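**Q** Sequence:
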Amino acid sequence: MLPADTQLYRTAHAGSRSTVKTRRGMRIVAAVLLGAAFTSAGAQDGFVVSSTNFRDGAQVAAGQVFNRDNCTGANRSPQLTWRNAPAGTRSYAVTIFDPDASNRGWWHWAVANIPARVHTLAENASASGALGKLGAIEARNDFGDEGYGGPCPPPGKPHRYIVTVHALKVDKLALPAGRPATMFEHEIADATLSSAKLTVTYGR
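Each residue of the sequence shown is one higher than the last, beginning at 1 in my numbering.
Simulated from the structure, these hints should not be mistaken for laboratory data. This one's a predicted model, so the numbers in the text were calculated from it and none came from an experiment. Warning: the hint list may mix true and false statements.
To be verified - Straight-line distance between alpha carbons at most 27 Å, and here's what the computed DSS-like set of lysine-lysine pairs gives:
id: 1; residue 1: K133; residue 2: K157
id: 2; residue 1: K133; residue 2: K197
id: 3; residue 1: K133; residue 2: K172
id: 4; residue 1: K157; residue 2: K197
id: 5; residue 1: K172; residue 2: K197
id: 6; residue 1: K133; residue 2: K169
Please construct the entire structure, taking both the sequences and the accompanying hints into account.
**A** Here it is as structure tokens:
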């Protein structure tokens, strides 16, 4: 289609008078080309994550908030569903990170070795033992606990929490459970083919 579009452009600027019909034709061709470009981008960037507990841009509900340090939530890991992972995906990892915390942020959750056949995690998969049954492993979060630790920022401006599902090119990471989340993050980054994100907020 690109040569035809180029020819239309040259014809419209060759010195002859452009008709309304020609101009309309150019607009149609341009719209088709633009639509094709967006379709191509969508095919490449179609990996997405959603949640029944977390809505992108919204505040975290009490069910997912931490349950210590003056926070009184239920500390249940969120339900997550993802789709359209890239070809070659052999496993998944999930992370939740607060970039607004002091000292380079705060890791709330890091999970790896989720089998490629799995495309959803139930709410409270961390504490319920569901992840272990899948063969997945969880890191030690920055609260010092293995598994999920919900939002619990200091009073003041709300913090952001970035939930990321990583499509990995390996079946398993060479890490034991309970290692610090920063170690998981490094290994996950090296093995990531693509990632899907959503961001939620919480303040008190």
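**Q** Please verify whether K133 and K169 have alpha carbons no more than 27 Å apart.
**A** 22 Å, holds
**Q** Between the alpha carbons of K133 and K197, is the straight-line distance 27 Å or under?
**A** Holds, because 25 Å separates the two Cα atoms, which is no more than 27 Å.
**Q** Holds or violated: are the alpha carbons of K133 and K172 at most 27 Å from each other?
**A** 15 Å, holds
**Q** Against the 27 Å threshold, does the CA-CA distance of K172 and K197 hold or violate the hint?
**A** 21 Å, holds
**Q** Would you check the hint for K133 and K157, treating anything up to 27 Å between C-alpha atoms as holding?
**A** The given pair, whose Cα atoms are some 38 Å apart, is violated under the 27 Å limit.
**Q** When you check the alpha-carbon spacing of K157 and K197, does it fall within 27 Å?
**A** Holds, at about 22 Å.
Hint 1 alone, counting from the list given before, is not met by this structure.
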